[in-house]
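Number of protein chains: 2
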Amino acid sequence: MMDDVLTYLEEHYERHLEDLRTFVRIPSVSTEGQHAPDVRRAAEWVAARLSSAGLTDARVTDTPGHPVVTASWTNHPGAPTILVYGHYDVQPPDPLERWDSPPFEATERDGNMYARGVSDDKAPMLIPIRVTEAFLQARGALPINVKFLFEGEEEIGSPNLGAFVRDHAQQLQADFVLSADGGMWRADVPTLTVSARGLVALEFTVRGPGKDLHSGRHGGSLHNPLHAISRMVASLHGPDGRVSVEGFYDDVVPVSPAIRADTAALPFNDEAYLREVGAPATFGEPGYSTLERQWYRPTLELNGLWGGYTGEGAKTVLPSEAHAKITCRLVPGQDPDRIRERIEAHLRQHAPPGVTVTFEESRHGAPAYRIPPEHVGLRVAREAIRSVYGQDPLMVGMGGSIPICDTFRDALDMDTVFFSFAVGDENIHAPNEFFRLARFQEGARAWTAYFEALARSVDAVVTATR
Amino acid sequence: MMDDVLTYLEEHYERHLEDLRTFVRIPSVSTEGQHAPDVRRAAEWVAARLSSAGLTDARVTDTPGHPVVTASWTNHPGAPTILVYGHYDVQPPDPLERWDSPPFEATERDGNMYARGVSDDKAPMLIPIRVTEAFLQARGALPINVKFLFEGEEEIGSPNLGAFVRDHAQQLQADFVLSADGGMWRADVPTLTVSARGLVALEFTVRGPGKDLHSGRHGGSLHNPLHAISRMVASLHGPDGRVSVEGFYDDVVPVSPAIRADTAALPFNDEAYLREVGAPATFGEPGYSTLERQWYRPTLELNGLWGGYTGEGAKTVLPSEAHAKITCRLVPGQDPDRIRERIEAHLRQHAPPGVTVTFEESRHGAPAYRIPPEHVGLRVAREAIRSVYGQDPLMVGMGGSIPICDTFRDALDMDTVFFSFAVGDENIHAPNEFFRLARFQEGARAWTAYFEALARSVDAVVTATR
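From first to last, the protein sequence lines are chains H and Y.
FYI, in the working numbering the residues of the first sequence are 1 to 466.
FYI, in the working numbering the residues of the second sequence are 1 to 466.
Honestly, I wouldn't trust all of these hints.
Since the list gives no way to pick one copy over another, a pair counts as held whenever it fits inside one copy or between any two copies.
[Said to hold, decoys possible] Here are the simulated DMTMM-like pairs of lysine to aspartate or glutamate, each with C-alpha atoms no more than 25 Å apart in a straight line:
(1) Lys211 to Glu312
(2) Lys211 to Asp425
(3) Lys211 to Glu361
(4) Lys211 to Glu271
(5) Lys211 to Asp100
(6) Lys211 to Glu105
(7) Lys211 to Glu360
(8) Lys211 to Glu292
(9) Lys211 to Asp19
(10) Lys211 to Asp270
(11) Lys211 to Asp188
(12) Lys211 to Asp262
(13) Lys211 to Glu11
(14) Lys211 to Glu97
(15) Lys211 to Glu285
(16) Lys211 to Asp110
(17) Lys211 to Asp250
For the record, the hints were derived by calculation from the structure and aren't laboratory data.
Values in this document were obtained by computation on a predicted structure and should not be read as measured data.
Please model the entire structure based on the sequences and the hints provided.
If you want it as structure tokens, here you go:
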């Protein structure tokens, strides 16, 4: 019954691939103000692509930040309705010198496409658009109702999507969210992600003297902000890797024995992992495995640390300030604001004499997310993946965060099912990000199967979500 | 008797000032390879300026690095001979955004000239050239023999000047070195510098994973190089500011009670100092005053620390590496190579599991320098300064380093007298470096007096240095 749709997807593959190339060439870096026009250009490209797929109401809506793109096809009253979520913004490409090909060209090598954002989330979000086009062109209708919501601020924590979702609750209402963002755990085994960690971000500055000083003349008599910040951030962890901030673990809901057993059963070993990432040893909170540390335990990581002279050669400066960026990943039970306050208090308390510490205005925070294991949307996902890969997907956690899940649940009372065909090893947020092009078709077949299977599950959907 | 020379200096002041403007507009940044042509241009400018002063043998000599400029006037057999030392290279201007006027224009405000290198060392080294011109043009002769040696690598530790001096020992031989580099302690009281601290520089990299990773996916399971480097560099000092590296203080020759008494008698108080530098408190090795910490005690200072994402906004990266630059200031007794080895051993020992540490190839090191307090060159300097400022200069130490002093003593058995008219508060190695233009004349009068007074001291010179 899906043959007409699958045939259409095969026949239009080259054109859809060219679409992807065009899409990734737009440097829609949401974190950097200078790229705001590119982010808008990407939004307009997405809206145009939705229109060309056959959706008549595609539109770009402004927010106080980057725009939101929406569209819908809702001509099956009574059928299940999903809200497809994805994001068209990307991370900065730094460090540029470590890319083997330019980040905003679409370079294809060995069956992969290399570009910033191709895996996170441009190729994955393009797949449901392709599938919608295939249904509408090959058959004139979708088997279910589909709404689309693509944002341009995922990489900066979705600061404006919450208000947008609340303001457009009626328009966006669906049985649940099907997220094209997320990603499979590994390339060799299909997986479904059932949880994501929360996030809290901090940035602070340590100031000593009012101006940069000559370290020969002044060294040894003033507190060097680089010494101070080192001591402060070093105090955030014990030597064993456990976070030392008072109360950091207080509200953590412990991992259940069942989840720990499932995780231990996954095909994973530290040696292969260390080869993959090129690190000499694993390191982290005692008493947990690597996967448990990545998925089910909270973390505190420095993402940036800088001060003084960082160029070529020596410069004998005692700098006036030093800076650090921190993000924490949170698990169920931890409140982002409370964690932030505890870290700020810790750093203030550990600021030595002779320096002052100031925090940047609070940015985004999001609690952790977990979907009920028997959710109908998960069951259908399992079925769709089995139809493409011939085996049941394994249930896994996700180390990263999708803060909008919390908004969807709070504002629209909808759960989120992650259904992405990116893979976690595709260098997202790093140089040489890539996407496996075979998954551009596998994903399209899986989304096709999902739409069909969900249409057959109308009773379960109604029972579970209405 | 000096009136003809002083009159000449007055009459040609505007032209000499224009020379200074031209000189500081050449961005002769020796630490950055891209500026090598500018450094050469500065050398050629200096040689041309020596020629126009009336010196017939001015020349630019290549080294494996930046060139050396020499010239001489030695037509008084039997009279004292000095070797005038200075440097025409400058520090990088970073951070550029903190300059109030462009670093390589000559901006004059409130009697000061603002430019990178104007105080360190372009205006001070131009003064003896002006004075030589004045003697030769007004009188047809100098009262003593003068040789000039200007290098272009002082800011990178003079890596090639040692070999140059050894290779040209005969040509450069003099009774002692009179250095136009150095600087007065304060603007309100004339001083003579009788010691300089030594220097050793290190740079190292801490590596964890082989590539930058997503801190959401991988955070908490690998040692983040930023955490590791923070812990490592924090371990270099105790909480009280004392250096924790084993053996760091072992070979230090203690400060004599006489020097401590002299230093305590200087017009200095911490409160005024803190207002000057804009810091909330002094901080450093217990048991010593601020001036003792700056002049007579060894230090270990971070000059740069960096890794991860340092741009606008957040980037959730677990970086593959982190970097630090360190310099130590040394005092008599400390061997630069031995101190470097001890610090490297400390850092290796404190590198936690899951990371590796590698050191950049060793750069320059220099032991501390101290001139005998009764040196004839110092006595003449005291006399020359008294003739301009009407009071005896105070004897002070210098926190910074002039590594070439050690070379002059080792290779040519010559002491170095510091005779500079820069002032220590002129933002050298920092944004908004400036030079007090009144000192462009005061210095010229003092150098004129020095030449005359040294000519009268021929017997003392012969006794002391031949």
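Check: Failing hints, ascending?
Finding: 9, 12, 13 and 17
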